[in-house]
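Two chains, two separate frames, one set of hints: put the complex together.
Which chain is which? The protein sequence lines are A and B, in order.
Heads up, the first sequence is in the numbering used here, so the first residue is 1 and it goes up one at a time.
Heads up, the second sequence is in the numbering used here, so the first residue is 1 and it goes up one at a time.
Incorrect hints may appear among the rest.
What the hints assert, rightly or not - Away from chain B, derived, C-beta distances all over 10 Å, residues of chain A: (1) Asn7; (2) Asn51; (3) Val134; (4) Leu141; (5) Arg170.
As the list claims (entries may be wrong) - Some, not all, of what chain A presents toward chain B, calculated at C-beta under 10 Å: (6) Ser24; (7) Ile106; (8) Ala107; (9) Ala110; (10) Leu115.
Hints are computed from structural coordinates only; laboratory data are not their basis.
Fair warning: this is a prediction, and the values are worked out from it, not measured in the lab.
In this text, a Cβ means the ideal position worked out from N, Cα and C, and glycines have one as well.
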Amino acid sequence: MSNGTVNLLIGLVMGLNLIALGSSRLPSLIRTISAQGVTLGVMPLVLAKGNIEWGLVLVALGTVAGKGLIIPALLRKATRAAAVEQENEPYIGFVSSLLLGAGGTIAAVALAGALPLLPEHAGVLLVPGAIASVLTGFILLIGRTKAISQVCGFLILENGIYLFGMLLIRSTPLMVESGILLDVTVGVFVIGIIVDRIQRAFDSLDTRNLTTLRE
Amino acid sequence: MRSLLLIILPLIGAAIAAMWPSNRTRPWLLPATALAHTALTMWLFFRPPAVAGNAWVGFDALARAVLPTVSLLFLGCAAYAVPYLRIREERQNRVFVTMLLAILGLLSAGHQARQLGVLWIATEGVTLATVPLLHFNGTPRAFEATWKYLLVGGTGIALSLLGSFCLGYASLYGGGRGDLTFVALAAQGVNLSRPWVLAAWVLLLVGYGTKMGLAPMHTWKPDTYGEAPGIVGALLAGGVTTVAFTALLRVRSVLGAAGEGAMADRTMVAIGLFSMLVAATFLLGSRNFKRMLAYSSVEQMGILILGAALGGAGVAAALFHVWSNALTKGSLFLSAGNLRRAAGSALVEEARGMCVLAPRSTGLFVTGMFAITALPPFAPFFSVLRVVRAALTEGHHAAVAMLLGCMLFAFFGMTRVVLRVAEGRPKAAARENARRFVESAGVIWPPLTMLGVSLWLGLFTPAVLLNAWTAAAAQLFPGR
Chain A
1 MSNGTVNLLI GLVMGLNLIA LGSSRLPSLI RTISAQGVTL GVMPLVLAKG NIEWGLVLVA
61 LGTVAGKGLI IPALLRKATR AAAVEQENEP YIGFVSSLLL GAGGTIAAVA LAGALPLLPE
121 HAGVLLVPGA IASVLTGFIL LIGRTKAISQ VCGFLILENG IYLFGMLLIR STPLMVESGI
181 LLDVTVGVFV IGIIVDRIQR AFDSLDTRNL TTLRE
Chain B
1 MRSLLLIILP LIGAAIAAMW PSNRTRPWLL PATALAHTAL TMWLFFRPPA VAGNAWVGFD
61 ALARAVLPTV SLLFLGCAAY AVPYLRIREE RQNRVFVTML LAILGLLSAG HQARQLGVLW
121 IATEGVTLAT VPLLHFNGTP RAFEATWKYL LVGGTGIALS LLGSFCLGYA SLYGGGRGDL
181 TFVALAAQGV NLSRPWVLAA WVLLLVGYGT KMGLAPMHTW KPDTYGEAPG IVGALLAGGV
241 TTVAFTALLR VRSVLGAAGE GAMADRTMVA IGLFSMLVAA TFLLGSRNFK RMLAYSSVEQ
301 MGILILGAAL GGAGVAAALF HVWSNALTKG SLFLSAGNLR RAAGSALVEE ARGMCVLAPR
361 STGLFVTGMF AITALPPFAP FFSVLRVVRA ALTEGHHAAV AMLLGCMLFA FFGMTRVVLR
421 VAEGRPKAAA RENARRFVES AGVIWPPLTM LGVSLWLGLF TPAVLLNAWT AAAAQLFPGR
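Bound-form chain B, shown alone (with noise of 0.2 Å):
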């Protein structure tokens, strides 16, 4: 039930949202709705309840092991966007704060789902949300980047659609009665048909992984992130990925049972990598600080679907490696919105020399970037270091050494664009800009403060959590 009500509260807090009158104390509901979710997910972490194995729903360990990070960034991004909509108090903000509590409401349902049709759902109602975000700012190119997404996004979720129904009639032809929750499927085990399950992993890899950003999926991704607000690339990067994440992982616990485990984890080591490769080539030629980052979570999500095929180590250290993200990635979007807003411009050429002009931000933003590049004591560093012994412990040695390889030309291309927009004389346009932005402790806080949990995090990584992520680990894989 309360579990439940980590679905409903949210959903709540959006039909408030629409039908509030005040344009000025609407955002509120933002940061209100967010402390209650919180709290009520951390009351679940400490007092998990227990979950029938046949339900639908259900705050499982996989959704202990992940959700309250979402939460997490979602009160964060809350925070922000109370000052951030009082920035654009010409723009009507109804739409924006109903939306952004729906997708809360959806982002718990998904993490949650046991059942293929239920995440399903779960993700087409995000993908849908998220639209009338995308274009708030009312630019063509907001547009631009709108249409992309839906095209994009649209096609991966209606492939990841005929994935499910693959798998639906996998199991139906093993003699299945119709039974989609995910515990059900795999109970069947070797009795599930091999030509459709091999069909519906190749489709649901596709379908979920263009929702993660896998490359050659990733197209969507810069265009997103470049255009859509801070807190919106902020919810993408570590909210929605990680739903298609653990979609990912339910379904690869399906094709385990099924004794496809070796043939799917050969698949993500693939795609893992080359999402790698194409992240890092891009990081060297990137000029616009805001798709740099898009494309850093390329390079993140390639890590993730890596760790996720080294069995259970590797599985545990991705979902740490899913909070470092969130939590990472979010203070970088936000101090990148600020960036934005200062200079007028999230191009490299125009926007240098940030350190006179927004001296805060730019702390948070070279932090950030360092922290992302996995550079101790960060908790990205900590477990991109448990994803590589993982890996050593496989006898994965070559991918250990393109990861590596990867991971230090991203950070030879993120460096260069984000020290150039740190130093510098900045341009007479980007000071007459800056003139009208204040770095007030509003747009500050919020993202230090997640810089702060990540750097926790990474310093002391509470036994509570490393035992939450290794109990979901051995609910996926049980025997691995």
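Bound conformation, chain A alone (with noise of 0.2 Å):
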């Protein structure tokens, strides 16, 4: 397949981006991030052009399974036991995340120029795509009030990680890739469990509660 495919499923991740900056509903924003795992699930099975090994299949279900199922039905979880459906106050509003978004694509594209290729990477947009989701992963840990926004912001925040792992996908042997998805899955996992621990504490979900702690 062509780097066509591949640079119309980055532009799928960044459009995903968008949208999860835009939303105000936790339901529409979790199925955007699982929306985001599946189209990142599918790859690297792109990216290898034909010659598919057991090694990328295994990642690719992997991804889709974490990122795609597994985590956002965690999420729903957490939402529903705290009855949260909204996030109300963000710190960023929502227009204000979209344009610094929109903003931070500009200059993710602008960044990835800086930095040079190697020829078989040169026309794929994995690099401003991975920029642009850190990006947005931080504006939505900075800006949004809801722990279950956080945990998204920084699930997108791994996902352009994840992005520009797919750069290193041939070269690093195996087992550094496999322990590093099973990582981001325990940690986002483990995320998930201290949301359900803050909520019986805090009840409403939210962390500008979370302010005794200070100087």
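In structure tokens form, the structure reads like this:
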């Protein structure tokens, strides 16, 4: 398959970033995350351009299952348990987030131009896609007040890093790759548990209540 | 093989702890495993094995220079954990003991990691294993601290992965074949792609710097150290931060080989001094003696990273400071835990007159405070002196002035808090609370021993240790 398909998928990921920045309802945010996870899962197979190995299939399946299904399911469970549907008063408004995200995407493309790429990666948008996703993740992490939105931000940030990892999937040993996937999944899983516990302690899942500890 | 045993042994201990049926006897697994680990570390220290150049994990010169102190710190904490968990018998300690042992295994892996991916996995593992320890107390405040730890620490660790990828791509672009051992990366030298190396350094410094708790990425530290049990604080401040520091040292060696050493040193000097400045500022206003220890830890990390930027002598001095910091801080955290339990609060207003209510712990806490603020004859004084000497040799006069100024203000801030805790008339609530707290030998000996070792290290720094630190510096930065 050509670079066109890959770039289409990356474009999709970047579009989903913007949708995530603009959505105020948590269920639609989680749906966006899930769609992004599935898109990322397909990526290694498309990048392989025909010579698909078992390792790649495993990475793809693991990603679709982890980022696309399991984590969104956990997040939905947390939303139901806490009865939170909406991000009411974000620190950074939805329109401003979108503008920031759009600006970040443009900056990502510009920044990626400064970094040299090997010939086989030259026509692919992996680097700008990765930087844009990391920036989107940061905007959500900083700009949202609900714990679940922040977890989603963290996930988008991790997705950006995963996207970058695609550049190295051929060269680095598989052990590192699988270990990384496992860690990402477990990490978010633990965060999910924490969200669950926090909700019991604070009832509202609002991180603005987490201000007892200060100088 | 023996070096792998250092990792496997605690993990086996953790597995046994997870299956051990009795809540009462389970904590004894901690000192048992820790003793075996320390014995093995000492054996390796005096009979270091040959490490293959391309090995992913190995007891190399850098591991030899720091792992023994982590092992000793863990031994002290493990000895303290037995009486501590007996006091807290009402709580299930299965997860607590299991995770502590897992952390020892992962710390051993992190210190011995000679490959970018292994290093990251070990650090990420430690981060995750710490989470259940932080909310051991189960209070809403502990939840808050855990949430912040995960969010900030998780972001930091994610960025360090991105940085590792960048370094990997720098190697790939420079003709590398995907061998991400630090030796292979350094061997590529100037062939590493310059823009990618710079991007990697920024991300890795921010990422592992977050784990170290360098300002401005230190925000998780006061909350976490303030709410975590004393043992966990000691291990975080002396063990986990050390892994992040050795990680940065290993990355810095690659930067040096790539010809970007001077740039890396400048950023490290800047971030180190900024950490010290932030720590000194907050120490002056601190009202909580456990949070005070966190800011003091930010200060120590600043000294470490500053030392690491000062060439071979500076790196050796910083490795000395790793020892001084781990042992002195360990003692401080454990005695602070005693005081916190005796007073029922870590706030200065609530915990006055502790030299009446808990005289031995107060004595330890005050002495430890003088030690960590680099008063002679404790180890921190001598290690900081070496850092200062290295800085003067390298011509960093302004940095030395700033370092000493920050240390002076930190000293003012800490003495103010500590002496207010020690002196004065105890409040009625604290008096009531202290009646239930017994200063048993079990909670005094571990911090006392650590402080004793710190004193011994200062007075009679053994030549074998000095050689180990110099050898590690030479391994990382040949020819400096």
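Chain B versus Asn7 of chain A - minimum CB to CB distance exceeding 10 Å, so not interface: holds (19 Å)
- request: Say whether it holds or is violated: Arg170 of chain A keeps its Cβ farther than 10 Å from all Cβ of chain B.
  value: Non-interface label fails for Arg170 of chain A: nearest chain B Cβ at 8 Å, not farther than 10 Å.
query: How about Ala110 of chain A: closest beta carbon in chain B under 10 Å, or not?
result: violated (14 Å)
query: Once the shortest beta carbon distance from Leu115 of chain A to chain B is found, is it less than 10 Å?
result: Holds. Min distance 5 Å.
- request: With 10 Å as the threshold, tell me whether Val134 of chain A passes as away from chain B on beta-carbon distances.
  value: Its Cβ does come within 10 Å of chain B, the nearest being 7 Å, so this is violated.
- prompt: Does Ile106 of chain A meet its interface restraint, that is, does its C-beta lie within less than 10 Å of any C-beta in chain B?
  reply: Violated - the Cβ of Ile106 of chain A stays beyond 10 Å from chain B, reaching only about 19 Å at its closest.
- prompt: In terms of Cβ atoms, is chain B entirely out of 10 Å range of Leu141 of chain A?
  reply: violated (7 Å)
message: If I take the minimum Cβ distance from Asn51 of chain A to any residue of chain B, is it greater than 10 Å?
response: holds (17 Å)
Minimum beta-carbon distance criterion (10 Å), Ser24 of chain A to chain B: violated (21 Å)
message: Just to be careful: measuring from the Cβ of Ala107 of chain A to every Cβ in chain B, is the smallest value less than 10 Å?
response: Ala107 of chain A check fails; min Cβ-Cβ to chain B is 14 Å, beyond 10 Å.
Going through the hint list in order, the structure does not satisfy hints 3, 4, 5, 6, 7, 8 and 9.
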